[in-house]
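So the sequences go chain by chain: A and B. Here the first sequence is numbered in the numbering used here, starting from 1 and rising by one per residue. Here the second sequence is numbered in the numbering used here, starting from 1 and rising by one per residue.
Source of the hints: derived by calculation from the structure; they are not laboratory data. Beta carbons are placed, not taken as given, at the ideal position from N, Cα and C, and that holds for glycine. A hint or two may mislead.
Claimed, not checked - Chain B stretches covered by chain A per the calculated footprint, using a threshold of three residues with CB under 8 angstroms from any CB of chain A:
#1 104-116
#2 184-195
#3 423-431
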Amino acid sequence: MNRFFLSINVRELVRPLGQLTLFSLGSAAALSIIVLIMALVLDQTIIGETLTEKLNVSLYTYTLINLPQVVLDGLTIGFVYAAIALGYTMVYGVLEFINFAHSEIFAVGAFVGVEILIALDQTGMLRNASLGMAYVFLIFAILAGMAAAGALAVTVERVAYRPLRGAPRLVPLISAIGVSFLLQDVIRLVEGLTTGDFNRIFPTFGNFDQRIIFGKLALGSTNLTLGVSIKSLIVIISAVLMLVGLNYLVNATRIGKAIRAVAQDRPTASLMGINVNRIISITFLVGGLLGGAAGVLYALKFTRIDPFVGFFPGLKAFAAAVLGGIGNLTGALLGGIVLGMLETFAGSYMGVFTMGAAGSEYKDIFAFSILIFVLIFRPQGLMGENVGQKA
Amino acid sequence: MAPLFFKALLEKLNRGFWPYIIILSHTILGTSLVYSTPRSNVAFLVLITSLFSLYYFKTDSRFKIIAGAILALVVIPIVGVRNIFYLEVIFQISVFAALALGLNIVVGFAGLLDLGYVAFYAVGAYLWAFFGSQQYYVLSFAPGTQPSNLPFLLPGDAFYLFIFFAIIVAALTGILLGMPVLRLRGDYLAIVTLGFGEVIRVLANNLDKPLNFTNGPQGITPIQRPSMPQAVADWFNDLFGGIIGHTASIADLYNVMFYLFALLVIIVIIFVTRRLDDSKIGRAWTAVREDETAAIAMGVPLVKMKLAAFAVGASFAGAMGVLLAASRTFISPESFSFMQSIGVLSMVILGGSGSIPGVILGAATVTILNLQILQGFSLYLSELRQSDAIIPIINFAWRDLSTQLDPAKYQRLLFGLILILMMIFRPAGLIPAKRRKRKLASDTATAEK
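If we strip away everything but chain B, and leave its shape as in the complex, we get (with noise of 0.2 angstroms):
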């Protein structure tokens, strides 16, 4: 009976001006909330929240769109400059949803397991980190031998230079994989893009002899990033400075800038994702999904529509490559993990592969969950360990509970429980894609008839 309530409520709830009144006071709540308790997940969880209040709820497109962009431009730079941490959290909330949203074109349209994706993002980081740092100069010295006088390379703002290169360079890398490795059935392509990247994961780690490229395991630093002039910070400050309650810093608006730069990333992925899925190309994906041997029948040319998919999504996963490598201005081989991998993949098949809000949702979960509720619980337990507090009936005391019991550390057991649950009870996703919407309504029509 309560989920049939709950959806007669909702849909009372979304008509006429409801809508428009939910989404402003959530929107509001969650902004004053975040606002007056800096510190709270839950306010925050209130605030991210709004942007699927404003997803769900039927409006006005205009008004959508204005409210996203007041939320994303203005809301959340100063609410993230206020309480720093929050700006990180929605920062990596971006990237991971535009990895998502790459590996979404590979994995959700054209139905190919890429295991072996954050290899691409690799690709992009470590070529800005090469030619963003003082690494030419270090090629002939071992690691940790160079002089710390060395020049840099080229000036920080080749940064958006390199962002096009990053994105050449990542899909002719996806190509070149792609071309022998595509004609494989699904199955072994997983495991060979899996194995693609561990290679360029023991690439970063070992090319520090005989010549220095990557710095081995310790990984490239300083990475430059691009300039920002004092102008802009003092701009920022006048607008907002008051608002904020201090000065922000430069580093502080670092910050803010990469989230934008990774705001719009995505922008520009899903609006390339829906071009595409309306294209020529994206109807092939399609079919090549459903059914190979039929769209070889149809005269789909299988492997060059592969290949365009492949290419895709690594060049994206470069672009968001070289913004990783500027923003953190560090880079070593252990950010490019295969855990890595399969918590991009587990974002997409959480909200659904194939659906851009879907994926969208999905990499937000999964990064909060990493970030926030799984440290929050850490944090918890470490408190509860240091009380003299005793579980009642087990007579168990908290300080003996052993230190490995990190729950932040536990990202494998969250990825693997997401994968299986999703696969075992829900393989759409939590947002399905359109298109099985539309395939199943065709298929209530032919019904009728």
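Next up, chain A with everything else stripped away, as it sits in the complex (with noise of 0.2 angstroms):
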């Protein structure tokens, strides 16, 4: 038992936590000083004014009052990005591939998890179930959306990628966007036929939608309450706890080595006895479990799936590995939380800074903006080494 211990690579352990807190407390801070400085520079101008006539508030306490909760929610999305992410850039680092159907992986992970939910709280077990239990019922759906989502990715890998293997570079892509849609209408036809209805919603139960209330701050004329929802710490902490155990599995096991090893250089690690199909297997796995994962996490923060559900995470998460340096595990998890808070900043505060002519609806070409400059300006990421193309 002690020499288990020993065996534990306790750097590997901390080195993602530190990290992934500096990353968070940067993009934060940083996107912070932003808004602040544009709230300053704004609040004697005519938005300013608007905004002081309807809320009674000047735009600059309006932005300051408002960040705490920016950032929780920015940080929540981000996380979730992160997870999705790293599917996409572990695949790429390893076949030079964009793993298009990713985002229906994830669809699937979150469709598995509430189904199981579902069906527990139509037994009447969730509506009794004590707190205890309900983190219980809650740790199995995501164990269980992981399992189906990992095996549905190895299940793709093998029948639509490994025979195209060695192909043109386009060739498995335009086969993944066809196992993308492919997904996308098989989970419609088995929810529609076996419940009738594709829209699915996560039933409620536990203590998760509560929220922690640290205070509540005065906004003009109203009171803005700060919180934190539990279900958005869930969702922290568990990607937090996957990104830890990713890292480890990458860069302190006998596994992560091979997997390192077939990335940087396919043939040679066949040479040294490593099995490549067995390694390529594995990867799509883990993203898969991953990002089943992310998925039934995202289920239980927005309540409501359908099955092109994984269709705008899954870009904005390649965005964010792309972002990050694609291929890079670190750079993954950067780009996740710096799209993630990018994001939910400029669905804030675009709205009021534009007097409402261009609000959150357009968050979502938000991170396509951010991708098109990112590859213009940085194509290798923010933590990429520049690479050229493999051939």
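Quick one: dock chain against chain with the hints and give me the complex.
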């Protein structure tokens, strides 16, 4: 037993925690400063005056008081993006291939988790569950979603990607787009046939919908309650656990070493006795597991899911992976957090800053604009090394 | 044994005067079937496939052109006015064939995967929708609050002018988008074009404030059509009224007109594509597609060539957009979703990227699958649902079948399957591009040496 504990590489456990804290605080601070400066500048203009008229509060105070909530929301969605982005980035690192179907693997995870909880809800077990049991059920749903998504990811790789290995770059990508579309409709078909409705709602149970209230802040003539909902906390904590676990797997175990070797140089890794096909399967499995868990967490946070739920989170997570430097695990964490923050900041403040002309409805295209800018000015991403295209 | 037998049979039939007989009998059979049973899907398929026997069998090229022209310009309008649903299907096939041919320039020739192709289509459609409707005077009204007696900004005949404007605007959009992103490698480009497609859709959805440019999710209506003089209608009815069996209304004739416009665009695209393919630009595209590094080393201006492909492809989509806006008199952001882009892509992939007859075949197949076979299947299922029939062995009553099972709504499944299966089993498509054949031929030639 003692030897087991001694063999744990503590550094690899602490390092990602440090990185996550650093990235979260850093991006939160940077963005806060930007919006505060913008608020200060705009305060004296007509924008500030309109707001003062409407809410009886200066733009600067409005921005400042909303900040903690925005940061928390941004962090929650950022961690979900990071968990999905890791799936893209791992597959890209190993195969140099955008696994377009990853967003549907995420959706399948969400559906399996939610369906299990709905089934439990119908037996009445959820409503009568004690607080402890509620968490057990939630963990069970997350694990089931992970298992289903992981199995699906491996199957998809085996069926639709492996026969195409070695083909021109666009061939597996087109196949992946096909898988993505196919899976969307398969989810819809299965849900439509079994339940008659493909919009599923995460059942209410446990204390997940409650909020921990820190206090109230006066915002002009109204009050703003400052708090964090328990489900956001659950999302953040589970995501951190997964990210740390993944980091450990990749950086401190034999399998991780094999994955890194295959990513670096597939033929040589194969010569060194690594079973490349097995490692690629494991990569898809790990990506799928993370995606599935992210799916259930997403359903917990946003309650309502439909078969196309994966599309936008998937694309944004891809943008996050590119932002951080695709193929780079730490980069995916950074990209996810930064993108989640940016998006939430834009969604919360753009409406006020532009006097309602462009509000949160442009949130979805924000990620793409960032993606395009990153690709123009720093195609290797924030943390990626400048590598040319592999032949 | 069987495939060999068929191959031998086809080769035997493809000699001498046999092709003429087959083509003529196929066309006449299809025409008379459609004419006598205007509601049958099978009859329609027989008529449409006669186009492909026309393509497949070797005949004198003058015969091909004349037969094709009669089929496209006389038979189809008459049959189409007789049963307007056929005309709708054929119009859709022509629109998608034109789009697929445009995308084919980008994907098939230059090898750039464009997942947001429909965005250019949207640019064209919204261009005419804005200038060809009352939208200019609606600018200051929120959607749904405008008075009903607003004038139109431009006369309907400005449509012809706007086809050219749309070509220019769409090409410029393509260049503007392409300039920064075409330096990227292929798979990044795919994602960025996808993002661009979504940006256009979100903009169309949300640009109803502060100024109401697009009328938001409700879409713009009514959009004007070019004028159609009564004389044309009278002439058409005098000529064909007897065969059709009823007097064609102006609405019917508009459908024929837009079908002919789409046909014209297709012919222009085919012409431009073939000329380009045999030109210096076409060879540069092939070089870029096959090996970028080697192309650069050979002095091919990479970004310029990619931009050219992007702009040419985009401009055709823009023209088709104007056509769509005018023919539908209504457009909304829903018509320009990501699914449409993938639909067009699956047509290109199914038919064979880089191959003109292949792409047309792909467009026809996917559109017919979509509009006729899936919908026919849906109708059949809903009939079963209303009947008292029961599946014997598992004892399942059809009426208990979920109403969610509506095959017409499962286009994504169709597109997805096409993409995966084609990539795994036949990546060159149903009718592979000629250039690939030429390459193989030279390979064997060098092997023989």
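Structure-based check of all given hints:
no.: 1; hint: 104-116; verdict: holds (count 3)
no.: 2; hint: 184-195; verdict: holds (count 10)
no.: 3; hint: 423-431; verdict: holds (count 3)
In terms of the numbered hints stated before, the structure departs from none.
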